[in-house]
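K.L.:
Listed here are the chains, written in short residue letters.
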Amino acid sequence: MKQTLTHEDRQQNSPRQACCAYLLKIITGFVSLLKGMGVTIGYFVSPKRIVTQEYPENRENLQVMARFRGHVSMIHDDKGDHTCTGCGICEKACPNGTISVLTTKDISGRKILGQYIYRLSQCTLCNLCVESCPFGAIVMGKDFELAVYHREKLTFILNTPQGERE
Amino acid sequence: MNPLSTETLYPVQNGIGNMVRTLFPESAFYINTLITISCLLLLVSLLPVFLIWLERKVAARFQARLGPMRVGYHGLLQSSADGLKLIFKEILKPEGADTFVFFLAPVLPASATFLVMAILPFDHHLQVADPAGGVIYVIGISGLSVLGILLAGWASNNKYSLLGAMRSGAQMISFEISLVLIMLLIVMVTGTASLREIVLSQQGTVLDWWIFKLPGLGIIAFLMYMISSTAELNRAPFDISEAESELTGGFATEYSGISFAMFFFAEFVNMFVSAGIASTFFLGGFLAPQFGLAFIDPLLAFIPGFIWFFVKTFFVIFLYMWFRWTFPRLRVDQLMYLEWKMLLPANLVLLMLAGFFLAMGWIL
Amino acid sequence: MDLQPVNKFTSDSNGIPEGFSRTGSSGRSSEEYFLNMGPQHPSTHGVLRLVLRLDGESVLEVVPHLGYVHRGLEKVAEGQTYIQNIHLTDRLDYLSSHINNLGYCLAMEQALEIGIPERGEYIRVMVSELQRIQSHLLWWGVSGMDLGAVTTFLYGFKERELITDIFEELCGARLTMNFFRPGGSFADVTDTFIPKVKNVIEIMHKALAEYNTLLTGNIIFQERTKNIGILSKETALSYGCSGAVLRASGISYDVRKNDPYSIYERFDFDVPVGSIGDCFDRYSLKMKEMAQSVRILEQAVTHFPEGPYRSQQKAVYKLPKGSYYSQVETARGLLGTYIVAEGGAKPYRVKFRSPSFSNLNVLNELAVGHKIADVVTILATLDFVVPDLDR
Numbered sequence: 001m002k003q004t005l006t007h008e009d010r011q012q013n014s015p016r017q018a019c020c021a022y023l024l025k026i027i028t029g030f031v032s033l034l035k036g037m038g039v040t041i042g043y044f045v046s047p048k049r050i051v052t053q054e055y056p057e058n059r060e061n062l063q064v065m066a067r068f069r070g071h072v073s074m075i076h077d078d079k080g081d082h083t084c085t086g087c088g089i090c091e092k093a094c095p096n097g098t099i100s101v102l103t104t105k106d107i108s109g110r111k112i113l114g115q116y117i118y119r120l121s122q123c124t125l126c127n128l129c130v131e132s133c134p135f136g137a138i139v140m141g142k143d144f145e146l147a148v149y150h151r152e153k154l155t156f157i158l159n160t161p162q163g164e165r166e
Numbered sequence: 001m002n003p004l005s006t007e008t009l010y011p012v013q014n015g016i017g018n019m020v021r022t023l024f025p026e027s028a029f030y031i032n033t034l035i036t037i038s039c040l041l042l043l044v045s046l047l048p049v050f051l052i053w054l055e056r057k058v059a060a061r062f063q064a065r066l067g068p069m070r071v072g073y074h075g076l077l078q079s080s081a082d083g084l085k086l087i088f089k090e091i092l093k094p095e096g097a098d099t100f101v102f103f104l105a106p107v108l109p110a111s112a113t114f115l116v117m118a119i120l121p122f123d124h125h126l127q128v129a130d131p132a133g134g135v136i137y138v139i140g141i142s143g144l145s146v147l148g149i150l151l152a153g154w155a156s157n158n159k160y161s162l163l164g165a166m167r168s169g170a171q172m173i174s175f176e177i178s179l180v181l182i183m184l185l186i187v188m189v190t191g192t193a194s195l196r197e198i199v200l201s202q203q204g205t206v207l208d209w210w211i212f213k214l215p216g217l218g219i220i221a222f223l224m225y226m227i228s229s230t231a232e233l234n235r236a237p238f239d240i241s242e243a244e245s246e247l248t249g250g251f252a253t254e255y256s257g258i259s260f261a262m263f264f265f266a267e268f269v270n271m272f273v274s275a276g277i278a279s280t281f282f283l284g285g286f287l288a289p290q291f292g293l294a295f296i297d298p299l300l301a302f303i304p305g306f307i308w309f310f311v312k313t314f315f316v317i318f319l320y321m322w323f324r325w326t327f328p329r330l331r332v333d334q335l336m337y338l339e340w341k342m343l344l345p346a347n348l349v350l351l352m353l354a355g356f357f358l359a360m361g362w363i364l
Numbered sequence: 001m002d003l004q005p006v007n008k009f010t011s012d013s014n015g016i017p018e019g020f021s022r023t024g025s026s027g028r029s030s031e032e033y034f035l036n037m038g039p040q041h042p043s044t045h046g047v048l049r050l051v052l053r054l055d056g057e058s059v060l061e062v063v064p065h066l067g068y069v070h071r072g073l074e075k076v077a078e079g080q081t082y083i084q085n086i087h088l089t090d091r092l093d094y095l096s097s098h099i100n101n102l103g104y105c106l107a108m109e110q111a112l113e114i115g116i117p118e119r120g121e122y123i124r125v126m127v128s129e130l131q132r133i134q135s136h137l138l139w140w141g142v143s144g145m146d147l148g149a150v151t152t153f154l155y156g157f158k159e160r161e162l163i164t165d166i167f168e169e170l171c172g173a174r175l176t177m178n179f180f181r182p183g184g185s186f187a188d189v190t191d192t193f194i195p196k197v198k199n200v201i202e203i204m205h206k207a208l209a210e211y212n213t214l215l216t217g218n219i220i221f222q223e224r225t226k227n228i229g230i231l232s233k234e235t236a237l238s239y240g241c242s243g244a245v246l247r248a249s250g251i252s253y254d255v256r257k258n259d260p261y262s263i264y265e266r267f268d269f270d271v272p273v274g275s276i277g278d279c280f281d282r283y284s285l286k287m288k289e290m291a292q293s294v295r296i297l298e299q300a301v302t303h304f305p306e307g308p309y310r311s312q313q314k315a316v317y318k319l320p321k322g323s324y325y326s327q328v329e330t331a332r333g334l335l336g337t338y339i340v341a342e343g344g345a346k347p348y349r350v351k352f353r354s355p356s357f358s359n360l361n362v363l364n365e366l367a368v369g370h371k372i373a374d375v376v377t378i379l380a381t382l383d384f385v386v387p388d389l390d391r
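Chains as they are written, first to last, in the working numbering: chain E, 1 to 166; chain Z, 1 to 364; chain A, 1 to 391.
Just so you know, the hints here were simulated from the structure itself, not pulled from any lab data. Mixed in with the good hints, there may be bad ones.
Claimed, not checked - Listed below are the simulated DSSO-like cross-link pairs for lysine-lysine, each with C-alpha atoms no more than 30 Å apart in a straight line: (1) A:K158 <-> E:K142; (2) A:K198 <-> E:K35; (3) E:K35 <-> Z:K57; (4) A:K288 <-> A:K233; (5) E:K35 <-> A:K371; (6) E:K35 <-> A:K226; (7) E:K25 <-> A:K206; (8) E:K25 <-> A:K371; (9) A:K226 <-> A:K257; (10) A:K351 <-> A:K257.
What the hints assert, rightly or not - If you want a taste of the chain E side facing chain Z, the calculated C-beta under 8 Å gives, among others: (11) L33; (12) G36; (13) M37; (14) T40; (15) I41; (16) Y43; (17) F44; (18) R49; (19) I50; (20) E54.
Glycine included, C-beta positions come from ideal geometry on N, C-alpha and C.
Please construct the entire structure, taking both the sequences and the accompanying hints into account.
P.N.:
Spelled out as structure tokens, the structure:
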């Protein structure tokens with residue numbers, strides 16, 4: 001391997017120069033260590049620079065970003081109605097088969113939404129279903145504590161007022 | 001200030017010790033020894049718990065974090081909880097490990113540190129024993145912890161452990177030389193190898209501490225002691241025997257439960273011992289700092305000596321922690337280079353200079 | 001029961017594991033041995049497995065074993081629509097997911113001849129540069145930790161958090177962004193975006209100075225990295241290295257400069273180049289790159305235009321028959337995206353040319369003759385992301 005060039009290419013010509021370089025290196029090295037220690041002690045003495053947030057304790061004050069992508073949820077108005085027509089575009093848009101839109105027919109024979117099944121366990125939270133929805137019926141929820149003990153609890157039926165778990 | 005007496009009444013010469021002496025004149029020595037040893041055992045078992053908490057807190061503050069906050073006031077009971085967990089954990093032994101050596105290894109460093117604690121002068125006459133060759137005793141006993149680490153690495157039947165142990169062996173044996181040479185320097189200038197007498201040789205003002213004496217040499221010796229003792233303690237930046245990012249856990253990779261806890265605890269007690277020796281040798285040990293100022297000196301002298309000992313020791317421990325949480329780790333060959341090509345020659349020069357200063361009477 | 005160890009080396013009759021040269025390469029009398037490093041190891045940053053042939057502490061040969069997080073993303077991409085594939089690119093190199101998204105979108109835009117509005121271009125450049133800084137900050141912290149300076153890890157993350165918060169506000173995710181779309185991005189920036197970026201710029205100036213005092217200037221750090229793992233120009237080129245690994249060896253090649261995409265040609269920035277190609281060069285190059293990214297951000301913030309952020313979007317994206325290639329400079333180097341389209345809504349084949357894979361291949365060339373600790377240093381400065389290696 002051609003590895004000729006190194007950082008020590010500045011050749012010391014005489015032993016005296018080499019000695020000076022050696023001593024200089026010790027002194028500059030020592031100073032560099034002290035400088036580093038200066039940086040860390042700066043953090044040690046100023047409690048203002050602590051960035052830790054104590055999570056479960058500060059749950060009350062936590063601000064979740066408006067666009068945060070938690071899990072898919074359906075928007076319900078005060079009367080418990082939603083705008084989903086059961087068109088199934090979101091089902092097609094989903095890369096992972098997370099959503100199943102099961103339709104049924106009302107009295108007049110019109111196709112309406114029966115069950116909107118959402119499987120959080122398969123969801124990659126990519127936002128594509130929300131983007132594709134022509135009616136603005138679904139949004140990404142703001143919950144981030146999504147862990148549960150049973151896999152079954154990760155399947156939701158969204159078209160109920162509270163988004164009850166199946 | 002009157003010089004403290006050098007008469008030897010061991011182990012303790014304080015209220016309790018003297019009371020025992022008047023009550024049981026014949027067996028006073030044994031009772032006092034028992035009392036001191038139990039106090040020391042208590043200290044040894046509580047100290048690592050506190051030091052681990054301190055280390056975590058100090059590290060957190062250096063890193064702009066809070067550290068343990070949940071268990072007890074500001075996480076004060078965190079390390080007790082951790083210790084309890086370690087005690088109840090299963091002790092695993094890897095297949096093919098040398099059982100006897102594997103379980104013997106953690107005991108050695110733990111007992112070695114405890115033995116050194118016995119001769120630390122916590123206060124004037126608060127010391128289990130003060131052998132005339134105390135320094136030699138310290139050097140001899142602290143070699144045992146190297147043995148423990150070497151055995152642990154060998155018995156674990158794991159290449160990481162073995163590498164860690166071999167690194168540690170090479171490192172500690174090398175750095176012991178410069179450590180011994182620095183101790184020798186102090187022994188040379190004080191003319192005694194007893195730890196208590198080394199402290200007593202520093203009576204007077206702050207300027208009489210060895211760190212400020214021997215113009216310039218004292219502080220250099222102190223710095224060199226700090227470097228070599230950090231290496232001797234296997235602490236960052238010299239923690240190549242554990243080297244988490246290289247060797248996962250080094251010599252302790254295969255240890256779990258209480259046998260791991262013993263290594264861990266020994267490491268922290270060792271740090272205390274090393275810092276205690278630093279304060280004994282350089283910072284006046286249990287002596288109160290005196291500045292030659294009439295209004296503050298009696299106040300400082302009023303505070304008992306063992307408190308001063310702990311204050312100084314914890315200052316040195318803070319320095320160790322400061323190093324650890326600032327510097328990157330050295331490589332194994334750089335470590336050897338540092339010892340054999342830089343520290344050792346510097347040590348020898350220092351020793352010669354000190355002898356010269358001594359001969360010229362420039363002790364100050 | 002006679003249990004066989006699961007993770008046994010597949011070795012030949014001489015006891016030499018898979019992938020190593022057959023002959024003993026040391027020529028010394030001492031005994032060689034093999035050390036398995038990973039897939040569970042603190043400094044292989046994920047599930048990379050290295051097998052080292054060692055003589056004491058000295059490395060004689062390194063064989064990396066990949067594939068522990070192989071998810072077959074390129075195959076998965078064949079079964080999904082073009083739009084759905086964007087979110088797969090998040091999972092290549094998860095530290096530059098915005099830039100990966102951009103690379104894929106550029107290829108689609110090339111095929112469909114979609115234009116991007118001015119504001120959309122600025123958003124792309126700014127987000128890409130923020131991502132580069134964010135990735136480099138994580139790398140800085142982690143490489144400090146690999147060298148034993150644990151504190152750097154926390155400091156790096158401290159500043160990184162500011163940028164991650166910006167991303168969270170921008171697109172709702174902190175790691176897998178899925179933000180860019182053909183023709184722009186799925187959402188406009190929020191009102192607080194520009195002030196927050198200005199804040200990051202201000203903080204980064206101070207932070208970089210602090211990092212240089214803490215780690216770059218440190219004598220121990222310099223001793224650990226200088227003249228370690230020297231990569232020559234020829235070797236770097238022959239292995240197809242890119243990014244800081246290539247530039248440290250003295251070759252000035254940055255896709256942003258040499259093959260500008262988006263609107264990078266409008267910005268004034270330098271491409272730092274090293275001279276020796278050792279670990280210190282690779283390290284200091286990345287530090288300089290952060291400063292350059294801050295410089296680009298400063299220019300972008302002052303010229304940030306109003307207007308639409310995305311051109312007219314389509315219901316279904318169908319790429320015309322043909323093959324399309326785009327390349328972007330991620331935080332690690334050149335990411336190439338190659339799409340073969342058959343005319344339908346799904347690609348026929350997608351190929352990603354990932355920078356980490358080519359950069360890691362030089363490991364054996366760099367590590368031979370150094371110590372175990374140096375392998376860790378070299379790994380840190382090669383700056384790979386394991387999911388990017390395996391895909």
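K.L.:
Does each hint fit the structure? Answer for all of them.
P.N.:
Status of the hints after comparison with the structure:
no. : hint              : in the structure
1   : A:K158 <-> E:K142 : holds (24 Å)
2   : A:K198 <-> E:K35  : holds (28 Å)
3   : E:K35 <-> Z:K57   : holds (22 Å)
4   : A:K288 <-> A:K233 : holds (20 Å)
5   : E:K35 <-> A:K371  : holds (28 Å)
6   : E:K35 <-> A:K226  : holds (20 Å)
7   : E:K25 <-> A:K206  : holds (27 Å)
8   : E:K25 <-> A:K371  : holds (23 Å)
9   : A:K226 <-> A:K257 : holds (28 Å)
10  : A:K351 <-> A:K257 : holds (24 Å)
11  : L33               : holds (7 Å)
12  : G36               : holds (5 Å)
13  : M37               : holds (5 Å)
14  : T40               : holds (5 Å)
15  : I41               : holds (7 Å)
16  : Y43               : holds (5 Å)
17  : F44               : holds (5 Å)
18  : R49               : holds (5 Å)
19  : I50               : holds (5 Å)
20  : E54               : holds (6 Å)
Comparing the model with each earlier hint shows no violations; every hint is respected.
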